[in-house]
Amino acid sequence: MKPLYLLLIIFSTTASAQTKALVLQTDFGLKDGAVSAMKGVAFGVSNELKIFDLTHEIPAYNIWEAAYRLEQTAPYWPSGTVFVSVVDPGVGSERKSIVLQTNSGHFFVTPDNGTLTLIAQHLGIKAIREIDEKRNRLPGSNASYTFHGRDVYAYTGARLAAGVIPFDSVGPVLPNTVVSIPYQKAEFKQGIIYGNIPILDIQYGNVWTNIDPTILAKLNLKYGDQLNIRILHNKKQVFEGVMPYVTTFAAVKEGLPLAYQNSLMNLSFAINYGNFAEQHKVASGPEWTVEVKSIR
Amino acid sequence: MKPLYLLLIIFSTTASAQTKALVLQTDFGLKDGAVSAMKGVAFGVSNELKIFDLTHEIPAYNIWEAAYRLEQTAPYWPSGTVFVSVVDPGVGSERKSIVLQTNSGHFFVTPDNGTLTLIAQHLGIKAIREIDEKRNRLPGSNASYTFHGRDVYAYTGARLAAGVIPFDSVGPVLPNTVVSIPYQKAEFKQGIIYGNIPILDIQYGNVWTNIDPTILAKLNLKYGDQLNIRILHNKKQVFEGVMPYVTTFAAVKEGLPLAYQNSLMNLSFAINYGNFAEQHKVASGPEWTVEVKSIR
Amino acid sequence: MKPLYLLLIIFSTTASAQTKALVLQTDFGLKDGAVSAMKGVAFGVSNELKIFDLTHEIPAYNIWEAAYRLEQTAPYWPSGTVFVSVVDPGVGSERKSIVLQTNSGHFFVTPDNGTLTLIAQHLGIKAIREIDEKRNRLPGSNASYTFHGRDVYAYTGARLAAGVIPFDSVGPVLPNTVVSIPYQKAEFKQGIIYGNIPILDIQYGNVWTNIDPTILAKLNLKYGDQLNIRILHNKKQVFEGVMPYVTTFAAVKEGLPLAYQNSLMNLSFAINYGNFAEQHKVASGPEWTVEVKSIR
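Chains as they are written, first to last, in the working numbering: chain R, 1 to 296; chain A, 297 to 592; chain L, 593 to 888.
None of these hints come from the bench; they were simulated from the model. All C-beta atoms, glycine included, are put in the ideal place defined by N, C-alpha and C. Worth double-checking, as some hints may not be accurate.
Claimed, not checked - Keeping only pairs whose Cα atoms sit at most 25 Å apart, straight-line, the calculated DSS-like set for lysine-lysine is: (1) A:K392 x R:K253; (2) A:K481 x A:K549; (3) A:K481 x A:K577; (4) R:K189 x R:K236; (5) R:K31 x L:K623; (6) L:K873 x R:K31; (7) R:K185 x R:K236; (8) R:K31 x A:K327; (9) L:K810 x L:K827; (10) A:K549 x A:K485; (11) L:K827 x A:K549; (12) L:K845 x R:K96; (13) A:K531 x A:K549; (14) A:K577 x R:K281; (15) A:K327 x L:K623; (16) A:K577 x L:K873.
Unchecked claim - Covered, in the sense of this in silico footprint (three residues per stretch, anywhere, with C-beta under 8 Å from a C-beta of chain R), are these stretches of chain L: (17) 637-647; (18) 794-801.
Claimed, not checked - Cβ-Cβ distance ranges computed for the label pairs, FRET-style: (19) R:I165 x A:T473: 51 to 59 Å; (20) R:I165 x L:Q871: 38 to 46 Å; (21) R:G124 x L:Q871: 38 to 46 Å; (22) A:E550 x L:R822: 29 to 37 Å; (23) A:I461 x R:E130: 54 to 62 Å; (24) A:G386 x L:H714: 52 to 60 Å; (25) A:Y357 x R:D225: 22 to 30 Å.
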């Protein structure tokens, strides 16, 4: 029965590798071959890997948006999923290359440049290791020059996801802290909720905030209540207006504004069949803040 | 030999799950994390699923184009493939969430808002079930709010494609009819063919009609024959001109118009190395019609 | 032990099919269903195929860019990978449909219209076969009309990648030569390096040349040396300027130009946190040349 035993081992090893997904995010776009080269390297590590894209349309060098997309998406992927995020304006400078393991069991392979600001806060840091590039770099990639996204991050992420190396072999342990970008956290003070606009729902021009149900509850809202909304850029007012708090776009007429909870359950602003961001010249990022009051 | 027997069972179960593909279509675009969250949910259902994209660049709220893309693509996928299409301007309103099984054995998971207009006509309705959201919603997604594309459609499509649930378990049977968008069907009357412009071949600006070979045959054309083409928007003429009916773009000089059969064998209009739609301000949708005459 | 023996055969056959990837490149864009129809056909050939995208954003009819993307990417995919590239302005004209096997063991399924210019030169031609469309066309696709990308190229590429047919069955052997686009190869003459701008790194506006480390070495540069760069379009000067040769963008201040080696180790020009191509109206293609001198 020895051959059968051997076969069972092979089979179960394969199955376990197949459990794990590799999810890629970059600001490279899809017009050239950079992302495909990353996938080729990952596939070369293991043809059992399941390789997916988060997005490759992060605006060039926009670390904040990279941070946000990871936070928006990661919780919907199974524990054990390995994310590779490469938005790296400082390539070649002092930023560290790291792998973060969250308390939820997800892994993030990325330059430590602010990309993990929101993931670290919301999923929690279990451990961080610095990538030892001597051990974890595509064989044959030139020592004097390295395309980190392909030769280090995709390669290391693939080996981790495929079970070729355990987390321990990434490199030395670092303290449980990441480089973070400052922003207005959601908070309630004297009848007003303060928050940040982390991102726009760009396809529709909806304005998303970081105000979650726990904070929103401080206003004791009922659906249909009117809200006074102020939006500020670097503390200068860009918009002020009143709109109802509703459950669906269909609750207001075409062309009218509304406040609602988005797919992450956070307070958001939209115009039914319209584009709120474009119409009111609102954008997103750490320097955008909102103030929300109930008027009853 | 018991272990071997067990192994064979495991192996064949795996193989059967691997047969089925999940194909996603939305108007979400690829710039944010919404599509990736859908894939994460699907992958969480079964890591044996083969997950593909139809397109995520359907113009926002354009149900007609969603309907067309499904018709254009589905026949080239094997029977048993599960499509999830989420173009859903009425989210939160009265439209039903359904799964359509066609006579060809394909499945379509979508809001019943016109998206299935063309699929129902061309592939035929075998059965329709309404999604019972009590049983078929991502566990832990909030009952009071649901991102349907992710929590209901992707989740249900994935479970169906992976064989986690049979079609019966989707929910109650509905009558064999779907919400349909009216448009000019292809027909021949007194020497003229009438038809619709369902879509543009946007990458090249070619104008596609719904005039198939059976209808086109009424004109008894030979290659090289001249056609008189009228194009109308809401019954108002936008273009009239003469062009030859040919088999390849190379049959006319650069810059000249031609009529040809596209990859779906439908009559289409183009300019060799040019952009017909842009040059003549022609677009597509249910309100666009064409009239085709042979001039001999 | 007969059943076990059988199982081992099945298992290893499956594993071998799973080794092979199918990588697709077109100028179709991702807004319609053409790419998805290609994938459906490929998946119908074998549900064990691993199907990837190189890019579908090649500018319409731009054979040169298709050639470049293949060269940029293919070396990072394992030997045995099958590439299908469909940029085919001459569809229906005399160009041949071929499969090229390189010395590196990669396969390229494409019209022979210049698409293989760079791959043939850099990976080397092992063998070329013309696709016999009588044997290698999607069953049921109309004989009088064929969407080659889907019915011939995707179908043949999928059958090759899945091991359904061996390379021999593609069709008759052709001589070891492909249609090639002329361009300025990198060369050193009397103190000046001449080269071509094959492509822009469009996402960032960086200008890439075909000047590789062997040619660049003729200038005996040290990092920090100043270079005089001329850029010409059809031999007419578009840009002349001086910039340092450095290892990282961070080596110069924001807004300043630099020369560096890109991810392919070729000499390239950029502006730190800027867009060199846009600012100086530089584009790419066979008609663009550069001249590089060291000034010490």
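The hints, checked one at a time:
1. For the suggested pair K392 (chain A) and K253 (chain R), the alpha carbons sit about 21 Å apart, so the restraint of at most 25 Å is met.
2. Taking the CA atoms of K481 (chain A) and K549 (chain A), the gap is near 32 Å; set against the 25 Å cutoff, the hint is violated.
3. Annotation: proposed proximity of K481 (chain A) to K577 (chain A) holds, straight-line Cα distance about 22 Å (limit 25 Å).
4. With a C-alpha separation of about 19 Å, the suggested pair K189 (chain R) and K236 (chain R) falls inside the 25 Å cut-off, and the hint holds.
5. Between K31 (chain R) and K623 (chain L), the direct Cα distance comes to roughly 14 Å. Compliance with the 25 Å bound is thereby established for this hinted pair.
6. Between K873 (chain L) and K31 (chain R) the CA atoms are separated by roughly 19 Å; this keeps the pair inside 25 Å, and the hint holds.
7. With a CA separation close to 18 Å, the supplied pair K185 (chain R) and K236 (chain R) stays within the 25 Å bound.
8. Proposed proximity of K31 (chain R) and K327 (chain A) is supported: the alpha carbons are some 14 Å apart, at most 25 Å.
9. Only pairs whose Cα atoms come within 25 Å are accepted, and K810 (chain L) paired with K827 (chain L) is accepted, the gap being roughly 23 Å.
10. Pair hint K549 (chain A) plus K485 (chain A) does not hold up; C-alpha atoms about 32 Å apart against a cutoff of 25 Å.
11. For the hint linking K827 (chain L) to K549 (chain A), the alpha-carbon distance of about 29 Å lies beyond 25 Å, and the restraint is violated.
12. Taking the CA atoms of K845 (chain L) and K96 (chain R), the gap is about 21 Å. The hint holds against a cut of 25 Å.
13. Distance restraint check for K531 (chain A) and K549 (chain A): the Cα-Cα separation of roughly 31 Å exceeds the 25 Å cut-off, and the hinted pair is therefore not satisfied.
14. For a cut-off of 25 Å, the pair hint linking K577 (chain A) to K281 (chain R) is broken: about 30 Å separates their Cα positions.
15. Only pairs whose Cα atoms come within 25 Å are accepted, and K327 (chain A) paired with K623 (chain L) is accepted, the gap being roughly 14 Å.
16. The straight-line distance between the Cα atoms of K577 (chain A) and K873 (chain L) is roughly 30 Å, outside the 25 Å bound, and the hint therefore fails.
17. Here's how the region 637-647 of chain L fares: 5 of its residues keep a CB closer than 8 Å to some CB of chain R, so the rule of at least three is met and the hint holds.
18. By the rule of at least three residues with a Cβ nearer than 8 Å to a Cβ of chain R, the coverage given for the region 794-801 of chain L holds, with 3 such residues.
19. For I165 (chain R) and T473 (chain A), the Cβ-Cβ distance of about 56 Å falls inside the hinted range of 51 to 59 Å, so the restraint holds.
20. A hinted range of 38 to 46 Å for the beta carbons of I165 (chain R) and Q871 (chain L) is consistent with their spacing of about 43 Å.
21. Taken as a hint, the range 38 to 46 Å holds for the pair G124 (chain R) and Q871 (chain L), whose Cβ atoms sit roughly 44 Å apart.
22. Distance hint for E550 (chain A) and R822 (chain L): a CB-CB separation of about 33 Å, consistent with the stated range 29 to 37 Å.
23. Taken as a hint, the range 54 to 62 Å is violated for the pair I461 (chain A) and E130 (chain R), whose Cβ atoms sit roughly 45 Å apart.
24. The hinted range of 52 to 60 Å is satisfied by G386 (chain A) and H714 (chain L), whose Cβ atoms lie roughly 53 Å apart.
25. Distance hint for Y357 (chain A) and D225 (chain R): a CB-CB separation of about 27 Å, consistent with the stated range 22 to 30 Å.
When each numbered hint is compared with the structure, violations occur for hints 2, 10, 11, 13, 14, 16 and 23.
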